[in-house]
Amino acid sequence: MPWRTKTLKPFILSLGKSKHNRRQVAIKFNTILVPLQQPVNKPQHIPAMKKTRYFLIFSCFLVLGCTGAKKLADAGNDDKGWKKLFNGTDIKDWFVKINHHLVGENYGNTFRVEDGIIKIRYDQYGDFDNQFGHLYYKTPFSHFRLRFEYRFVGKQQKGAPDYTLLNSGVMFHSQDPRTMLKDQDWPISIEMQLLGGLGDGKPRPTGNMCSPGTDVVYKGRVWPDHCISSTSKTFDGEQWVKGELIVDGNKLVTHIINGDTVLQYSKPSIGGGVANGYDPKYKQDGKLLSSGFIALQSEGQPVDFRNIEIKQFRGSDR
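Numbering (my numbering), first residue to last: 1 to 318.
Hint data in this document are derived by calculation from the structure and do not stem from the laboratory. Be aware that a few hints might be false.
[Stated by the list, open to error] The following label-pair restraints were derived from C-beta to C-beta distances:
hint, residue 1, residue 2, range
1, 261, 182, 32 to 40 angstroms
2, 93, 279, 35 to 43 angstroms
3, 147, 181, 26 to 34 angstroms
4, 181, 259, 38 to 46 angstroms
5, 84, 201, 20 to 28 angstroms
6, 224, 153, 16 to 24 angstroms
7, 93, 181, 20 to 28 angstroms
8, 104, 219, 36 to 44 angstroms
[Unchecked claim] Cut-off 25 angstroms, straight-line C-alpha distance, at most; resulting in silico cross-link-like pairs (SDA-like, lysine to any residue):
hint, residue 1, residue 2
9, 92, 125
10, 267, 215
11, 283, 265
12, 84, 313
13, 84, 125
14, 242, 116
15, 202, 283
16, 267, 116
Keep in mind the model is a prediction, meaning the values are calculated, not measured. Glycine included, C-beta positions come from ideal geometry on N, C-alpha and C.
Start from the sequences, fold in the hints, and give me the full structure.
So this is what it looks like as structure tokens:
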């Protein structure tokens, strides 16, 4: 049977269980294929098999239209379900742990809140003395999207290691800070490393991965190096940069910088080196990391954080 194209008018599809929670989405098919009408004086019987074929074709168009409508409706829901981890006022929902100090001791007022920003400062320090610190949110997470903004400011603290220049990070799947020993430098965790450009025209990507006391699978194998560089741009100066993590338990991890996916890896587990001074019972090499605490890092460079939010999801369902 010959076919021709036919233009259809847009129609409105209502989504939602009640009239108060209903979305109307305009669906438009530009053209569809329909059979040419036979002349009136030549009526023709259409076999049942062909009727079924026409019905299936029409059903496919209808399903595709409804699927598109659902995607349009869902696209507006991306900002739903986010929870603020930082209330913009204080850090009462967070734990402080700084090397050479007990958990809860915010030495030198390292972590402070001013103007709705978490500020990491060292103006009450003398020599830095490897007093690496971390500010932990009070509860652990497993499957989540974390988004935040950060910027580097000021000068590196006297005595801080050279590699900490314009360097900070967001730790996740971290051990509980209350299990850390007084002289433990880094938590057993995965780090989304944050770096600033040095203003020398050389690339210095941010949103990298570092692995204190842990391992990850990258490019199909357990990666032997402590850090993996991302593909991000270099950000010089004191500009705000948007970071995002998508963590699917012990499966896929995605790093995003200013909306661009810059790194992916999988299967975070305990292993590797770098972390020192830990209690051996928490260093169970080979154990997959399915959940843990989130922390902001202080390692000698002043840095600011704001707009820290999280959205949890079910495993492999984001």
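Open item on the list: Quick check: does the Cβ-Cβ distance between residue 104 and residue 219 fall within 36 to 44 angstroms?
Closed with: Because 40 angstroms falls inside the window, the suggested range holds.
Open item on the list: Please check whether residue 93 and residue 279 have a Cβ separation lying inside 35 to 43 angstroms.
Closed with: 25 angstroms, violated
Task: 25 angstroms limit on alpha-carbon distance, applied to hinted pair residue 202 and residue 283 - done: Between residue 202 and residue 283 the Cα gap is close to 37 angstroms, so the pair fails against 25 angstroms, i.e. violated.
Open item on the list: Run the distance test for residue 242 versus residue 116: straight-line Cα separation, threshold 25 angstroms.
Closed with: It holds: about 16 angstroms lies between the C-alpha atoms, which stays within 25 angstroms.
Task: Restraint check for residue 84 with residue 313, where alpha carbons must lie at most 25 angstroms apart - done: Between residue 84 and residue 313 the Cα gap is close to 15 angstroms, so the pair holds against 25 angstroms.
Open item on the list: Quick check: does the Cβ-Cβ distance between residue 147 and residue 181 fall within 26 to 34 angstroms?
Closed with: 32 angstroms, holds
- [ ] Can you let me know if the beta-carbon spacing of residue 84 and residue 201 is within 20 to 28 angstroms?
- [x] Hint violated: Cβ distance 38 angstroms, outside 20 to 28 angstroms.
TODO: For the pair we were handed, residue 92 and residue 125, check the Cα-Cα distance against 25 angstroms.
DONE: 23 angstroms, holds
Task: Agreement of residue 267 and residue 215 with the hint, judged by alpha carbon distance not exceeding 25 angstroms - done: 8 angstroms, holds
Task: Assessment of proposed distance window 38 to 46 angstroms (beta carbons of residue 181, residue 259) - done: Holds, since residue 181 and residue 259 (Cβ atoms, about 39 angstroms apart) stay within the stated range.
- [ ] Take a quick look at whether residue 283 and residue 265 sit within 25 angstroms of each other, Cα to Cα.
- [x] Distance of about 21 angstroms is within 25 angstroms: holds.
Task: Pair hint residue 84 and residue 125, alpha-carbon separation not exceeding 25 angstroms - done: Roughly 30 angstroms between the alpha carbons, so the hint for residue 84 and residue 125 is violated.
Of the numbered hints stated above, those contradicted by the structure are hints 2, 5, 6, 13, 15 and 16, listed in ascending order.
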